[in-house]
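Chains as they are written, first to last, in the UniProt record's numbering: chain G, 1 to 205; chain D, 1 to 205; chain X, 1 to 205.
Simulated from the structure, these hints should not be mistaken for lab results.
The reader is advised that the hints may include incorrect statements.
[As the list claims (entries may be wrong)] Footprint (simulated), chain D over chain G, 3 or more residues, beta carbon under 8 Å:
{"#": "1", "region": "41-55"}
{"#": "2", "region": "114-128"}
{"#": "3", "region": "193-200"}
[To be verified] Capping the alpha-carbon separation at 27 Å, the derived lysine-lysine pairs in BS3-like fashion look like this:
{"#": "4", "chain 1": "X", "residue 1": "LYS144", "chain 2": "G", "residue 2": "LYS144"}
{"#": "5", "chain 1": "D", "residue 1": "LYS144", "chain 2": "X", "residue 2": "LYS144"}
{"#": "6", "chain 1": "D", "residue 1": "LYS144", "chain 2": "G", "residue 2": "LYS144"}
We put the beta carbon where it would ideally sit given N, CA and C, even for glycine.
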Amino acid sequence: MIAMLDYAAVAVFALTGALVASRAQLDIIGFFFVACLTAVGGGTIRDLLLDRDPVFWLADPTHLAIACAAAFLVFFTAHLLESRYTVLLWLDAAALAIAVAAGVSVAGAMDQSVPIILVMGVATGTLGGLMRDVVCNEVPLVLKQGELYVTAALAGAGAALAIPYLTADPLAPIMACILTTFALRAGSLAFGWRLPVYRPRPPRS
Amino acid sequence: MIAMLDYAAVAVFALTGALVASRAQLDIIGFFFVACLTAVGGGTIRDLLLDRDPVFWLADPTHLAIACAAAFLVFFTAHLLESRYTVLLWLDAAALAIAVAAGVSVAGAMDQSVPIILVMGVATGTLGGLMRDVVCNEVPLVLKQGELYVTAALAGAGAALAIPYLTADPLAPIMACILTTFALRAGSLAFGWRLPVYRPRPPRS
Amino acid sequence: MIAMLDYAAVAVFALTGALVASRAQLDIIGFFFVACLTAVGGGTIRDLLLDRDPVFWLADPTHLAIACAAAFLVFFTAHLLESRYTVLLWLDAAALAIAVAAGVSVAGAMDQSVPIILVMGVATGTLGGLMRDVVCNEVPLVLKQGELYVTAALAGAGAALAIPYLTADPLAPIMACILTTFALRAGSLAFGWRLPVYRPRPPRS
Numbered sequence: 001m002i003a004m005l006d007y008a009a010v011a012v013f014a015l016t017g018a019l020v021a022s023r024a025q026l027d028i029i030g031f032f033f034v035a036c037l038t039a040v041g042g043g044t045i046r047d048l049l050l051d052r053d054p055v056f057w058l059a060d061p062t063h064l065a066i067a068c069a070a071a072f073l074v075f076f077t078a079h080l081l082e083s084r085y086t087v088l089l090w091l092d093a094a095a096l097a098i099a100v101a102a103g104v105s106v107a108g109a110m111d112q113s114v115p116i117i118l119v120m121g122v123a124t125g126t127l128g129g130l131m132r133d134v135v136c137n138e139v140p141l142v143l144k145q146g147e148l149y150v151t152a153a154l155a156g157a158g159a160a161l162a163i164p165y166l167t168a169d170p171l172a173p174i175m176a177c178i179l180t181t182f183a184l185r186a187g188s189l190a191f192g193w194r195l196p197v198y199r200p201r202p203p204r205s
Numbered sequence: 001m002i003a004m005l006d007y008a009a010v011a012v013f014a015l016t017g018a019l020v021a022s023r024a025q026l027d028i029i030g031f032f033f034v035a036c037l038t039a040v041g042g043g044t045i046r047d048l049l050l051d052r053d054p055v056f057w058l059a060d061p062t063h064l065a066i067a068c069a070a071a072f073l074v075f076f077t078a079h080l081l082e083s084r085y086t087v088l089l090w091l092d093a094a095a096l097a098i099a100v101a102a103g104v105s106v107a108g109a110m111d112q113s114v115p116i117i118l119v120m121g122v123a124t125g126t127l128g129g130l131m132r133d134v135v136c137n138e139v140p141l142v143l144k145q146g147e148l149y150v151t152a153a154l155a156g157a158g159a160a161l162a163i164p165y166l167t168a169d170p171l172a173p174i175m176a177c178i179l180t181t182f183a184l185r186a187g188s189l190a191f192g193w194r195l196p197v198y199r200p201r202p203p204r205s
Numbered sequence: 001m002i003a004m005l006d007y008a009a010v011a012v013f014a015l016t017g018a019l020v021a022s023r024a025q026l027d028i029i030g031f032f033f034v035a036c037l038t039a040v041g042g043g044t045i046r047d048l049l050l051d052r053d054p055v056f057w058l059a060d061p062t063h064l065a066i067a068c069a070a071a072f073l074v075f076f077t078a079h080l081l082e083s084r085y086t087v088l089l090w091l092d093a094a095a096l097a098i099a100v101a102a103g104v105s106v107a108g109a110m111d112q113s114v115p116i117i118l119v120m121g122v123a124t125g126t127l128g129g130l131m132r133d134v135v136c137n138e139v140p141l142v143l144k145q146g147e148l149y150v151t152a153a154l155a156g157a158g159a160a161l162a163i164p165y166l167t168a169d170p171l172a173p174i175m176a177c178i179l180t181t182f183a184l185r186a187g188s189l190a191f192g193w194r195l196p197v198y199r200p201r202p203p204r205s
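Model the full structure from these sequences, guided by the hints.
What follows is the structure in structure tokens.
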């Protein structure tokens with residue numbers, strides 16, 4: 001199950017990486033590079049921090065093949081999309097949701113404490129996309145003012161931790177995590193859901 | 001003692017991270033994210049490089065709680081500051097000084113060689129703030145032309161290594177490191193202390 | 001032999017880091033910082049991913065001395081160059097070629113699988129320069145539209161893997177890797193060799 005989540009997160013994040021590569025007008029190998037970086041970035045940080053040996057995609061290079069296949073697909077079809085950026089945002093929301101669940105599952109299976117599980121969920125979900133945006137000079141989605149992003153990831157990770165008190169179904173925490181993360185992010189994209197942001201008061205006169 | 005240094009560096013770096021988050025007008029969860037990234041970034045790289053297992057904040061998530069508390073404080077009080085950027089610069093100087101000492105102490109306690117201790121001091125001191133600035137699209141303080149920054153960190157780490165030849169007091173190297181780093185950085189901020197920078201000569205005619 | 005490759009890659013990458021530091025008009029310690037980051041960045045990621053303990057420059061700080069010596073040299077001589085950016089591009093091409101060979105050699109000596117060897121070659125070759133460019137706010141060479149960069153690295157790593165089927169000379173794979181990578185990158189710089197890049201079709205009317 002953890003393996004399936006990692007595969008799915010890799011595939012969807014790779015699609016977002018390839019879309020960013022298309023915005024930068026790279027060649028096919030550049031697509032592979034950005035897709036792989038985005039796809040395995042978050043999970044790699046997770047595995048290095050948790051001292052998992054080996055890192056997930058070294059143990060099973062199928063992940064790299066999936067990421068390159070996704071990049072190949074985008075290279076030849078992205079021109080068919082009406083709005084690449086909109087597709088990018090929604091795929092990124094899906095990838096975030098799945099990757100948070102992957103991070104929570106891995107940390108949970110290692111019997112980490114509650115704060116560490118939360119952090120691993122958020123880190124796995126957000127850091128691959130953050131690397132993609134930093135490397136490709138996009139404004140990191142993490143920092144988009146007035147959007148739920150880290151909040152969605154944190155709430156999803158929290159849902160995964162809360163659900164076992166309600167049901168013993170082993171799949172329920174993963175589903176709750178994916179649905180909560182995606183719902184909050186989607187609500188933010190579609191309906192403008194947001195938390196109050198910091199606003200400096202005018203200077204005292 | 002090493003634990004105390006890590007706590008203090010985490011707290012002060014988290015304040016700087018939250019101040020940068022306020023400049024980016026993020027929400028409270030965004031403040032937590034940037035504060036935690038800044039607070040544990042440098043020490044995490046240090047621990048991964050030195051193969052310390054586990055990384056310090058995984059062993060003791062109190063660090064994350066401290067970082068989030070600092071972010072919370074800034075979210076609700078930053079508007080009281082006259083000049084957030086000035087406060088940011090001075091807090092960053094304090095965080096740099098403490099974190100260099102933390103890096104030197106950890107590497108010293110592992111009986112690393114002199115160049116490695118110096119590098120770990122500089123890396124622990126500078127990399128958390130560097131991540132903060134890269135992620136939040138600020139000009140990295142490391143690169144501010146004509147300011148002592150890496151120089152202050154390196155001198156502080158050097159002071160920590162030199163002091164044991166003068167006194168056997170176990171606290172003296174740490175104090176010397178903090179004071180040296182902070183004094184050089186403060187002198188650069190307040191009085192413009194600097195090293196000569198590279199200047200291209202005019203082209204030969 | 002692997003040690004020699006790492007030394008050479010460190011030296012040449014450090015020169016490129018120092019040239020970028022000269023473009024940012026840093027002081028001599030800033031030159032050391034950027035040179036060391038660039039010089040050991042790619043190999044450090046490789047060693048962390050492969051769980052090599054210790055990381056190569058912790059085992060032998062000579063690497064840091066070489067990087068600082070290179071930075072020192074550039075600090076005092078860069079003004080003699082006609083075009084620092086052109087020199088930077090060509091040194092970076094040489095560093096890329098050598099570092100890919102270093103990455104391939106290390107992964108090969110650990111009996112990693114073919115895809116992992118390819119990835120370690122590309123990662124070792126490209127990530128140090130990528131860190132340099134991200135930290136110093138340069139457009140990453142990896143992303144320069146219409147140039148062979150990751151492609152050259154990947155082809156070089158592939159050549160290293162193919163050569164043992166042709167000759168048993170233990171040096172041949174390394175030489176083939178260096179020559180293939182450098183030739184492709186040089187061809188791209190000098191003659192504009194390139195792969196087709198992604199181009200969005202005009203919107204359908």
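(request) Check, residue by residue, whether the region 193-200 of chain G contains three or more positions whose beta-carbon lies closer than 8 Å to a beta-carbon of chain D, and give the verdict. (result) holds (count 7)
(message) For a C-alpha distance cap of 27 Å, please report whether LYS144 of chain D and LYS144 of chain G respect it.
(response) OK: LYS144 of chain D and LYS144 of chain G at ~26 Å, within 27 Å.
(request) Take a quick look at whether LYS144 of chain D and LYS144 of chain X sit within 27 Å of each other, Cα to Cα. (result) Distance of about 26 Å is within 27 Å: holds.
(message) Taking 8 Å as the Cβ threshold, is the statement that the region 114-128 of chain G is covered by chain D upheld or broken by the three-residue rule?
(response) holds (count 5)
(message) LYS144 of chain X and LYS144 of chain G were given as a pair; does the straight-line alpha-carbon distance stay at or below 27 Å?
(response) holds (26 Å)
(message) Please check whether the region 41-55 of chain G has three or more residues whose CB lies within less than 8 Å of a CB on chain D.
(response) holds (count 4)
Comparing the model with each numbered hint stated earlier shows that all of them hold.
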